[in-house]
Amino acid sequence: MNAETKSTDAFEPKIVAFVCNWCTYLGADLAGTNRLEYPANIRILRLPCTGRVDFNLIVKAFEIGADAVLVSGCHPGDCHYTAGNFHARRRWDLFRELLDTVGIDLNRVYFSWISAAEGAKFQKLVTEIVDKTREMGPYEDYKKLVAES
Amino acid sequence: METELRNAIRKLLEEKTVDVAIGYGRVGVNGAVGATFVTNPDDVDRLVWNNECRQNLATHLTRAEIKKLGKPAIVVKACDARAVVVLCNEAQIKREDVYVIGVVCDGIETADAAGNKTGALMGKCLSCVEHAAKNVDLLIGDEAAAKALDEKNAPNAKSVGHYEKLAKLRAMSQKERFEYWREQFSKCIRCHACRQNCPLCYCNRCVADKNRPTRIDTSSSLKGNFAWNILRAFHLAGRCVGCGACAAACPAGIELDLLNLTLANAAEDQFGYVSGKELGELPLIGTYSPTDKEEFIR
Ligand code: SF4
Ligand code: SF4
Ligand code: FES
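Read top to bottom, the protein sequences are chains A and B.
So the first sequence is numbered by numbering that gives the first Met the number 0: it starts at 0 and just counts up by one.
So the second sequence is numbered by numbering that gives the first Met the number 0: it starts at 0 and just counts up by one.
Note that these hints are calculated values from the structure, not bench results.
Take these hints with a grain of salt, some might be off.
Unchecked claim - The calculated DSS-like cross-link candidates involving lysine-lysine, where the alpha carbons are at most 25 Å apart (straight line), are: (1) LYS174/B to LYS59/A; (2) LYS292/B to LYS120/A; (3) LYS70/B to LYS15/B; (4) LYS142/A to LYS186/B; (5) LYS13/A to LYS174/B; (6) LYS209/B to LYS59/A; (7) LYS131/A to LYS15/B; (8) LYS143/A to LYS174/B; (9) LYS59/A to LYS186/B; (10) LYS186/B to LYS143/A; (11) LYS276/B to LYS93/B; (12) LYS142/A to LYS174/B.
Claimed, not checked - Away from chain B, derived, C-beta distances all over 10 Å, residues of chain A: (13) LEU44; (14) TYR109; (15) ALA116.
Note that beta-carbon positions come from the ideal geometry of N, C-alpha and C, so glycine has one too.
Start from the sequences and build out the full structure, keeping to the hints where you can.
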């Protein structure tokens, strides 16, 4: 982070990324080893597989102050456990509908497939998410709800 | 119909086809209708059937204390019968271990806060196109009348009741929807009556009760109520049969049906899946297709 451009009250989005151990985590690692710079706003949480990403974790992330959430894993066909991501894909599809009805901001919930070889894709997507979230501002709706709890 | 129902159950008990009948009786305060369990053929007059039979009795089929009573006969409306099908499809019960008695239903009335019926039909009944229960061992009531009701409701089935309410909600802005649920969920007292009354919420240990670590606030807080209601609804995704027992049981009058219907609509629109329609059908979640849509995935 460039110290000169950072004022103390500037909004720094907090992004929580739930990534699978076998693809996206390695993709993020590759971005690092290749010295591809990406914003430090992203907090990576490594799970065995996208199939393990309980939808409740997304809600939980918002509860603890996330401004956006990313769930990412292996491309279809590449899941280390064969089909974890296929199961996840169907669940997310339905889960998004529920979030939409409840009025959760879908612009703050991202899903992606990023392989171990796609360090550049990781860098690009994360940068985009951080930029967009910065533009949207903090997730006030949820923060208010938490503050009132 | 009530007499016919009582006679059928008396016979089943006398002939020892079943050991217990799970039916409706006037068991609550001021004679409110609720589940009643009859093991003695002489007691069948305790059973009632009327438009206050809001509960879905299938919730008792998986309870250990009821299982102990032996082979059950169960009284079901069409929507409840779909829950029995899901329980079979999810390997919670075996179809042949239950004697299912369907009753032709012409709609159930809502209750006011005091528990008195209001004269208005429940939302699910306004859009019901299945008044005679399917996949049953015995059907009591006039099938032709049921069919006539189905046909009467069919043209507007998807634009009345909860469908109408949900369409209005979905037409609001995202922020307005959030505010709507904030108001709704703020009333939740976390009694979990919705869960207890749902035939498909059969886990022995619910994540909502876990506190090491705490998955979601165990007591009523606004954020916990959001988490709970999202969790409850989503655990029923592709499974809920729309019986409305959860919402009918909610002391806070939270519009749980709208959450359930959102997911049921998504299941039907995107996967052509209607929960509880057919015995032997695989669950929607727990299976997948390599061609499932993924426009939303980056
Ligand atoms: S979630 Fe509610 S409407 Fe759906 S099956 Fe359970 S009790 Fe019935
Ligand atoms: S029945 Fe209503 S008040 Fe009770 S936990 Fe469920 S939603 Fe909350
Ligand atoms: S291991 Fe990466 S999605 Fe299953």
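Task: LYS142/A paired with LYS174/B [C-alpha distance capped at 25 Å] - done: At roughly 14 Å apart (the allowed maximum being 25 Å), LYS174/B and LYS142/A satisfy the hint.
Task: Satisfaction of hint between LYS174/B and LYS13/A, Cα-Cα up to 25 Å - done: With a Cα-Cα distance of about 21 Å, the restraint between LYS13/A and LYS174/B holds, given a limit of 25 Å.
Open item on the list: Hint check: LYS142/A vs LYS186/B, CA-CA at most 25 Å. Holds or violated?
Closed with: 19 Å, holds
Open item on the list: Checking one constraint from the list: CA of LYS143/A to CA of LYS174/B, max 25 Å. Satisfied?
Closed with: It holds: about 13 Å lies between the C-alpha atoms, which stays within 25 Å.
Task: Cβ separation check - LEU44/A to all of chain B, threshold 10 Å - done: 15 Å, holds
- [ ] Could you let me know if the closest chain B CB is still more than 10 Å away from the CB of TYR109/A?
- [x] The assertion about TYR109/A is violated, with a minimum of 6 Å to chain B.
- [ ] Take a quick look at whether LYS70/B and LYS15/B sit within 25 Å of each other, Cα to Cα.
- [x] 9 Å, holds
Open item on the list: LYS276/B and LYS93/B were given as a pair; does the straight-line alpha-carbon distance stay at or below 25 Å?
Closed with: Holds. LYS276/B to LYS93/B sits at ~16 Å (cutoff 25 Å).
Open item on the list: Please verify whether LYS59/A and LYS186/B have alpha carbons no more than 25 Å apart.
Closed with: Holds, because 21 Å separates the two Cα atoms, which is no more than 25 Å.
Open item on the list: With the threshold set at 25 Å, check whether the alpha-carbon distance from LYS174/B to LYS59/A stays at or below it.
Closed with: 20 Å, holds
- [ ] Just double-check ALA116/A for me: nearest Cβ-Cβ distance to chain B has to come out over 10 Å.
- [x] 16 Å, holds
Open item on the list: So if I understand the rule, the pair passes when the alpha-carbon distance is 25 Å or less; does LYS209/B with LYS59/A pass?
Closed with: 15 Å, holds
Checked against the numbered hints given earlier, this structure breaks hints 7 and 14; the rest are met.
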